[in-house]
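Visitor: This is what each chain is made of:
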Amino acid sequence: VLNRRCVEAAVMTGLALNCHINKKSLFDRKHYFYADLPAGYQITQQRLPIAANGHLTYGTYIGKKWSQVTTKMVRIKQIQLEQDSGKSLHDDLRAQTLIDLNRAGVGLLEVVLEPDLCCGEEAAVAVRELQLILQALGTSQANMAEGQLRVDANISVHHPGEPLGVRTEVKNLNSFRFLAKAIDYEIQRQITELENGGEILNETRSFDYKLGFMPEPNLPPLVLYDATSLPSDADSQQVINIDQLRDMLPELPSATRARLVQQYGMLPEHSFTLLGSKVYFELPKVPYPVEETTAANNEVGLLEFFQNVIKETRAEPKKVTNWVLNTFLYYLKQQNLAVSERVQTSRSSVIRQAASQGSSENPKAPGY
Amino acid sequence: MWARAVRVRFLAAPHRGRGFASKADPQGKVQAAGQGTHTPRLAPQGGGRVSAAKIEHLERLALVNFGSREAVARLEKAIAFADQLHAVDTEGVEPLESVLEDRCLYLRSDNVAEGDCAEELLQNSRQVVEEYFVAPPGNISLPDMVNKIPSPTAE
Chain H
1 VLNRRCVEAA
11 VMTGLALNCH
21 INKKSLFDRK
31 HYFYADLPAG
41 YQITQQRLPI
51 AANGHLTYGT
61 YIGKKWSQVT
71 TKMVRIKQIQ
81 LEQDSGKSLH
91 DDLRAQTLID
101 LNRAGVGLLE
111 VVLEPDLCCG
121 EEAAVAVREL
131 QLILQALGTS
141 QANMAEGQLR
151 VDANISVHHP
161 GEPLGVRTEV
171 KNLNSFRFLA
181 KAIDYEIQRQ
191 ITELENGGEI
201 LNETRSFDYK
211 LGFMPEPNLP
221 PLVLYDATSL
231 PSDADSQQVI
241 NIDQLRDMLP
251 ELPSATRARL
261 VQQYGMLPEH
271 SFTLLGSKVY
281 FELPKVPYPV
291 EETTAANNEV
301 GLLEFFQNVI
311 KETRAEPKKV
321 TNWVLNTFLY
331 YLKQQNLAVS
341 ERVQTSRSSV
351 IRQAASQGSS
361 ENPKAPGY
Chain Z
1 MWARAVRVRF
11 LAAPHRGRGF
21 ASKADPQGKV
31 QAAGQGTHTP
41 RLAPQGGGRV
51 SAAKIEHLER
61 LALVNFGSRE
71 AVARLEKAIA
81 FADQLHAVDT
91 EGVEPLESVL
101 EDRCLYLRSD
111 NVAEGDCAEE
121 LLQNSRQVVE
131 EYFVAPPGNI
141 SLPDMVNKIP
151 SPTAE
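Sequence order for the protein chains is H and Z.
Reminder that position 337 of the first sequence reads as 337 in full-length UniProt numbering, one-by-one numbering, no gaps.
Reminder that position 20 of the second sequence reads as 20 in full-length UniProt numbering, one-by-one numbering, no gaps.
Possibly wrong hints are sitting among the right ones.
[Claimed, not checked] Restricting the straight-line Cα-Cα distance to at most 25 angstroms, the calculated cross-link-like pairs of lysine to any residue (SDA-like) are: (1) K24/H x K77/Z; (2) K24/H x R103/Z; (3) K23/H x A62/Z; (4) K30/H x Q123/Z; (5) K24/H x E119/Z; (6) K171/H x V99/Z; (7) K30/H x P136/Z; (8) K30/H x S68/Z; (9) K77/Z x K171/H; (10) K87/H x R103/Z; (11) K30/H x A73/Z; (12) K23/H x G92/Z; (13) K77/H x G165/H; (14) K30/H x D89/Z.
[Claimed, not checked] Which chain H residues stay away from chain Z? Per the calculated CB distances, all over 12 angstroms, these: (15) F27; (16) R47; (17) K77; (18) T192; (19) I310; (20) L325.
Think of the hints as simulated: they come from the structure by calculation, not from any bench.
Here a beta-carbon is modelled for each residue, glycine too, at the ideal position from N, C-alpha and C.
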């Protein structure tokens, strides 16, 4: 049985990613044997998915100082609804696999990108933007560490002008840092292998294309409507109106950034930082490494905090921007804190400090 | 009826199947790759032999064991039997995927109606470790009893 909220989430995500929403989409069964797939098949939408042919725009930085940002685009091949499998933990010591079936059968949204990304950093930034979009839409909390957003990367190399090379797949990447590192490592490995006259072998591929595919017999085609095609006597619980969902879309990260630039006169790269787009690249100026999850969480709530400071101090926006992005953020990273922690404990004093300090560089002021 | 029988026999004549590679089977015989057939379908025609490589592949994917020459022969006969489907002319007819194709897909509202039965479900398994089901490491092919398949979802 198909969950209505999953369909809405898929349509909203498709709209946010500029996809064409297929008014009719089909479900298939993908058969294979594995302990984490108790039914022996996975319901998916490989043949005719719910959305296709979109694009995701993300910001990349020019140069190592992250002082200038430019936008790039990766095309979205399709978005499909499918079932999740269970989770398997390999216990090589005892030659067994431990299976957790809690998430088996739960609805998944698979977003398939075209091979427009060229390195680990681009991939990490693109996935980060996708994460921000999903969080803004509310279609997923997209926390990578908790497995709410998982990435499978397909990597190949080729000489410019020639067709794409044989691809290998790295599965279930669940942190930005590992995602970027694994991709860069694999790129290098393939280049070295090919330069030494070797060839790239693809094991997953040969497994994949021979899998048993058949139409899912229990699910009729999924039909979506828009304002013009909506039947007048339809049960509102049983129909999905694409136009209605489009009207309900919240402000997406790209629109938020544009608004910040326009409203507060800040530079585009500052808007990216305020939204936490600089995921793991923002290394703190401290001698010890910062845990990646903490680094990413430093920015959670940063935008809200910024807007509160603006509102309550009525200070000049450019000064607030500078203080929040330099003084405050530096302090957070130095102390390895998340915004939410700092704000709760000494909120008013922090804001008073902000108002009085302006653009001074003194993170050790009293009140922290 | 006479005409139909003729047609079936015609299709079952010794055309070698398309999709069978030119490989030697266990008995050392070599079969030629098929030429174009009369039907638009790609499936092999009757009388085709199934190559050793394909048997091995099927065994790995479907976890069965074609232990003997007789079993392979039985498989080939089954394929030939199914080839009778080609007797029907389906030109211009869309495949029927589900008898529900004219029905509306029911959308269930996002409410939790059941669950919280982990204890009960875990009792279904012979072996359990701390709320995890225990399974052997990867798929084990019956002929080999050795784990060869890379898992599609392993973490």
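Visitor: Now tell me, hint by hint, if it's right for this structure.
Guide: Going through the hints against the structure:
About 40 angstroms separates the Cα atoms of K24/H and K77/Z, which puts this hinted pair outside 25 angstroms; it is violated. Simply put, K24/H and R103/Z have alpha-carbon atoms about 13 angstroms apart, close enough for the 25 angstroms limit, and the pair holds. For the hint pairing K23/H with A62/Z, the CA-to-CA distance comes to about 35 angstroms; that exceeds 25 angstroms, so the pair is violated. Using a Cα cut-off of 25 angstroms, the hinted pair K30/H and Q123/Z is violated, with the two alpha carbons roughly 28 angstroms apart.
For the hint pairing K24/H with E119/Z, the CA-to-CA distance comes to about 40 angstroms; that exceeds 25 angstroms, so the pair is violated. Taking the CA atoms of K171/H and V99/Z, the gap is near 37 angstroms; set against the 25 angstroms cutoff, the hint is violated. Of the pairs offered as hints, the one joining K30/H and P136/Z holds, with about 22 angstroms between alpha carbons and a cut-off of 25 angstroms not exceeded. At roughly 29 angstroms between alpha-carbon atoms, K30/H and S68/Z are farther apart than 25 angstroms, so this suggested pair is violated.
With a C-alpha separation of about 40 angstroms, the suggested pair K77/Z and K171/H falls outside the 25 angstroms cut-off, and the hint is violated. A distance of roughly 34 angstroms separates the Cα atoms of K87/H and R103/Z; the hinted pair therefore is violated under the 25 angstroms criterion. Between K30/H and A73/Z the CA atoms are separated by roughly 28 angstroms; this puts the pair beyond 25 angstroms, and the hint is violated. About 24 angstroms separates the Cα atoms of K23/H and G92/Z, which keeps this hinted pair within 25 angstroms; it holds.
For the proposed pair K77/H and G165/H, the alpha carbon gap of about 19 angstroms is at most 25 angstroms, so the pair holds. Proposed proximity of K30/H and D89/Z is contradicted: the alpha carbons are some 28 angstroms apart, above 25 angstroms. A beta-carbon of chain Z comes within 12 angstroms of the beta-carbon of F27/H; the shortest separation is about 9 angstroms. Distance check for R47/H against chain Z: the nearest CB is about 10 angstroms away, which does not clear 12 angstroms, and the non-interface claim fails.
Under the 12 angstroms C-beta cut-off, the non-interface status given to K77/H relative to chain Z holds; the minimum distance is some 19 angstroms. Every CB of chain Z is more than 12 angstroms from the CB of T192/H (nearest about 22 angstroms), matching its label as outside the interface. For I310/H, the requirement that its beta carbon stay farther than 12 angstroms from each beta carbon of chain Z is met, with the minimum near 37 angstroms. For L325/H, the non-interface assignment is confirmed: its Cβ lies about 37 angstroms from the closest Cβ of chain Z, beyond the 12 angstroms cut-off.
Comparing the model with each numbered hint stated earlier shows that hints 1, 3, 4, 5, 6, 8, 9, 10, 11, 14, 15 and 16 do not hold.
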